[in-house]
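So the protein lines, in turn, are chains D and S. Every letter in the first sequence is one number past the one before it in my numbering, and letter 388, counting from 1, is 388. Every letter in the second sequence is one number past the one before it in my numbering, and letter 226, counting from 1, is 666.
In case anyone wonders, no lab produced these hints; they're calculated from the structure. All of these numbers come straight from a predicted model, not from anything done at the bench. For every residue, glycine included, the Cβ atom is placed at its ideal position computed from N, Cα and C. Certain hints may be false.
Unchecked claim - Listed next, the in silico EDC-like pairs over lysine to aspartate or glutamate satisfying Cα-Cα at most 20 Å (straight line):
hint : chain 1 : residue 1 : chain 2 : residue 2
1    : S       : LYS456    : S       : GLU470
2    : S       : LYS553    : S       : GLU576
3    : D       : LYS101    : D       : GLU73
4    : S       : LYS553    : D       : GLU326
5    : S       : LYS547    : S       : GLU650
6    : D       : LYS165    : D       : GLU73
7    : S       : LYS547    : D       : GLU73
8    : D       : LYS101    : D       : GLU113
9    : D       : LYS189    : D       : GLU203
10   : S       : LYS590    : S       : GLU643
11   : D       : LYS253    : S       : GLU650
12   : S       : LYS553    : D       : GLU134
13   : D       : LYS253    : S       : ASP509
14   : S       : LYS456    : S       : GLU650
15   : S       : LYS462    : S       : GLU480
To be verified - Among chain S residues calculated to face chain D with C-beta under 7 Å, some are:
hint : residue
16   : VAL535
17   : LYS547
18   : ASN549
19   : TYR561
20   : PRO563
21   : GLY567
22   : LEU568
23   : VAL592
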Amino acid sequence: MTDIAGKYTVEPFSASTEKREKFNRLLKKRYASEARFKMWGIAAVSVAVVFLVLLLGSIILQGSSAFVTTKVELEVSLDREIIDPQGTNDPMVIASADYNKILRNAMQSLFPEVESRRERRDMMDLISSGAAFELAAHVRDNPELIGQTIKFDVLTDDLVDMLRKGYIERNVPEEDRKLNDFQIGIFDKLVASGALYGTFNTELLTTGDSREPENAGLWGAVVGSFFTLVVTLGIAFPLGVMAAIYLEEFAPKNRITDMIEVNINNLAAVPSIVFGLLGLAVFLNFFGMPRSAPLVGGLVLALQALPIIIIASRAAIKAVPPSIREAALGMGASPLQTVLHHTLPLSMPGMLTGAILGMAHALGETAPLLMIGMVAFIVDVPGGFTSPATVLPVQIYLWADSPERAFVEKTSAAIMVLLVFLVFMNAIAIYLRKKFERKW
Amino acid sequence: MTALDFTTHTIPLEGKSKISAKNVNLWYGEKQALHNINLEVGENQVTALIGPSGCGKSTFLRCLNRMNDTIPSCRIQGDISIDGDDIYAQSLDVVHLRARVGMVFQKPNPFPKSIFDNVAYGPRLHGLSESKDHLEHIVKSSLERAGLWKEVSDRLLSPGTGLSGGQQQRLCIARAIAVSPEVILMDEPCSALDPIATAKVEELIDELRENFTIAIVTHSMQQAARVSQRTAFFHLGVLVENGPTEGIFTSPIDKRTQDYVTGRFG
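If we strip away everything but chain S, and leave its shape as in the complex, we get (with noise of 0.2 Å):
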């Protein structure tokens, strides 16, 4: 086993940044997961986050909502900041920050409630509405712009557990995007979905690129392509390569990227 390569070839973001990390390390008890990422992810884009499995692309996805917060043994150094908003700052409050970056799990995870107080959960817990008619039109808004307002439309009032796997992802991004969020977050949205389900998703996830920052993580690398304008290639827990997509799978500049992306490992 070679020590490990810290370089990171980053091909500078045209355009806004949005999320900015600098210098970020992170530890799960004694084992660090994460090495000196620096990663700028720009506004209304798709950034995508690649690699093998245990890279750290989804711990490093979860720092921007400090839902790392929960695992006792993680420790973090390093900033990140939104709109030049430290997030790990003390006077920063958690829950403001998480109404601000909407996640998206990997497994579909709506509550075990109707489907109308899935979407209302969020707008209801930050006080978003103003009256009923106001949460209705929230609800009704959100669950149009992730393309199923028209599949549940008349079932609003049953359980969103009893909708098929597509469409209780697409729910759960419905529920992200009801509190308005400035970015959304999405851990391998697609990997428990079928093709067409997952090409579903992905069309959302383009059309969501109009309103919000998106930062997701993927297995699939045609997806990746598919989906986003800038792509990170992580690689035990160092960030290889960051730059526009087409770059990275037509002309990556390092060894690693280029192995990953022609499918020499991982």
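Looking at chain D on its own, in the form it has when it is part of the complex (with noise of 0.2 Å):
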């Protein structure tokens, strides 16, 4: 110690003009790398958000002509000849009429100049082809319109509706196009006569799926997702919780409970897939339950939403202040009192959070969902928890791989109905933890 006290003198950096510029060097050289790392900070930021920006900026460029449907006003005469030449007024006879053939003479009363049978049949390729049904279920449900004429406004082709939204290309050649010039023909004079045009797209958020792009809609993957999360969330989270509470507060601290808690973090690590194959394995083969259910698709992702909100609660718990415990247990109330009093409710803002990382993450997972079922084509919106049911990630999935050019945008606007149910769910996650959340 001595030694070193001699040997080096500590003077003010005021004592000479030399230590004056060598600090003033070392300052600027501070400020400069300080600047620095703010600048690789702002410059991470505006990455992701760049990316962000782009990533919903294409998707809503997109998805948001989705929203708009393309139909047409026709004038229907529903002649009682074709639907109910008896007279019986009985609904199953009334709605299996040819309806098909109320809507050719529709069409061919707005232009009676078509003759040929080629040119008629091209016509009536402009009319959706659930047209049809559309109109059979208006007229059961409304039997004394049986003998009027009605103006009933039917949904284009999906093609038609392409057309409009000018995706479809008018100037290449027309063996290249799949509309040929004498239906562009026949769009243009009605989109002239008025009777076409576009409007908001309710079937999108009230169907379930079709093989025909302007009759697909979404409301069976999103009942199918709710159900699939219900099930998740009340089997994940009073699982999780309960675990993380045993592993905090009352399980000894030994070997085993060293290895569960390895294993715990191993498990919020294994590939979805192999979830997916384990319920294949399990649930489906070995319990015999339904396929496609969402019943099983919400306990397959439980089990992977399980070691996420145990990790959590556990965090959430340990950041309980440990005075309170101690203040509780003083007062002579015992370590279950202590946890339902005081550690519970004090750590649950976290725990939700956790839960709803948990949900999320649940709700945007499709490949352990392909695994058991859910990725069959399901027309119906699924009635409960056991019928066959798609969720949306795996809508967005079956839309991407179909082959016309109408599910382009339609997959652009699950992806947006599928974010706007995160950002639900997690204004709601936001909402509960303000609601819990008490200082101390």
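Assembling the complex is the task here: the two chains are given apart, and the hints tell you how they should meet.
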């Protein structure tokens, strides 16, 4: 100690100009590195923001047009001779009549000059193949309309929709085009007469999937996702919270609990497809549960969300100050009472955040659901936990795989709906956290 | 480092003993934290436990209501009894013990609940109140005894954590006395408080002595001299000296006590 003290003397930096300059140089360097650090941070955030904007921008740009669909207003004469010649008024009879013929008559009255068989068929192709069913349902529900001539708006074929939105190029040769010159001529006449118009696509948000893009909707997938997440939350949250409380507050710290902890952390990193295979082997093959059901999907996703919830809940429990626990124990509360009265309520915000994170993860999960058959083409909106269903990300996957041009914008629209779903869930999480948050 | 000096100088307690510790040894894992402690805590007296950091005074205090049970590596040997009841006996319920022996901690630790709920927590837990009125009476009288009633009577439903540090500590004292314990253990109750709040708490301790037996751990020798009737000096896990407070501070028997109270170490 004494040697060193003799060798070096510490002078104040103001002692000589040389020292002062050195100090100033160092100071400048310090500020420069601080500014650099700040710049890197801003750059990183900017890149993230740019990518987010690009992603959202391209999705919204592509997908927003899917919320508009094309309809054509037709004057349909609901001829009693065609619909219900016997006058039975039986809904079955009314519903099973030949509405295609009625629509054909309506189109022909608009364009009486079209005479050849082929051209008539081309003309009818401009109308959605689901239009006849729509009209049938309308007449069945309003049988008093039979015999009248009503204005009825029918969906056009997806190709007409695409043409109206400008996705079909008119100047390519006819044989390379999905719509021929004759059909485009009819389309232009319909537009000129004002019969053809764009309107909000309620079908997209209210119906199930369909092979026809103009009839395909997301509601089936939304309901499927909802049922699946209900099962996931109902299983993973209570189990995860209980496991976390046991491990943090009650379990002895020994080799077995260490091993359990390591395995829980590893479980969080297992590829999701593995959970799907597990679900296939255990839930479907061993327990014989129904295929494509939200129940099984929810169970598989619960397995996947469980470690996330356990880890988050344990962190939340650890964050509760030990002084609160001591206070409760010192008052004579039992360990269980301490947990129920103090630790659990205080860690609830953190647990809920973890649960919502796990749920958001589960909402976006596709791979494990493919394994248990939720990738099937399902038209009906699921009615319960065991009815066949699909979920939003799988629906996106299915639509992205479809060849029709109209599914491109529908895929982006589905992504938008999924994102809205996610934002909604996160908003709930923030609200709950704020509500349960208590300061100490 | 010289070997530990295990001698204890005790000037016997005059009057009734409330807590009696005999041959208490305590280990944290392999490390022995208390060596053969023999100490009597007199009834309706304030007994101060003093000594340098890490001397085992807080550890000993926590033995008296078995708070050390929560530390897995902690092992204890010897007898501690309150009014002749062995508190480490199999038949004794720890919840019952803690209702008899309340505790106030170093850092004020009110529950993040309302002031009323803080004080009512113990009575509710142990089913001490027969009705809502009774509970309100208990809360009011506890806050009055803790000298906090005047300051908080108009905001009983606001959170206890919103009070100042000194008020929080008095709230914790009110919470402890709400279950009418026989003994109150205080672990450096004033170390996080400013001098004015400290004076208030000290005054309160002096008043509480009438009804409760108090054991207080403190780092401040002035505080020990002000509030206590008897003082026990701990050093390196050994109870060095224990007797009337005046004697400890004016004519200590042991050299170590003398060195400590005159500020030569610790």
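Each hint tested on the structure:
| no. | hint | result |
| --- | --- | --- |
| 1 | LYS456(S) x GLU470(S) | violated (36 Å) |
| 2 | LYS553(S) x GLU576(S) | holds (16 Å) |
| 3 | LYS101(D) x GLU73(D) | holds (16 Å) |
| 4 | LYS553(S) x GLU326(D) | holds (16 Å) |
| 5 | LYS547(S) x GLU650(S) | violated (25 Å) |
| 6 | LYS165(D) x GLU73(D) | holds (18 Å) |
| 7 | LYS547(S) x GLU73(D) | violated (77 Å) |
| 8 | LYS101(D) x GLU113(D) | holds (18 Å) |
| 9 | LYS189(D) x GLU203(D) | violated (26 Å) |
| 10 | LYS590(S) x GLU643(S) | holds (16 Å) |
| 11 | LYS253(D) x GLU650(S) | violated (44 Å) |
| 12 | LYS553(S) x GLU134(D) | violated (60 Å) |
| 13 | LYS253(D) x ASP509(S) | holds (15 Å) |
| 14 | LYS456(S) x GLU650(S) | holds (14 Å) |
| 15 | LYS462(S) x GLU480(S) | holds (9 Å) |
| 16 | VAL535 | holds (5 Å) |
| 17 | LYS547 | holds (6 Å) |
| 18 | ASN549 | holds (4 Å) |
| 19 | TYR561 | holds (6 Å) |
| 20 | PRO563 | violated (10 Å) |
| 21 | GLY567 | violated (11 Å) |
| 22 | LEU568 | violated (11 Å) |
| 23 | VAL592 | violated (17 Å) |
Comparing the model with each numbered hint stated earlier shows that hints 1, 5, 7, 9, 11, 12, 20, 21, 22, 23 do not hold.
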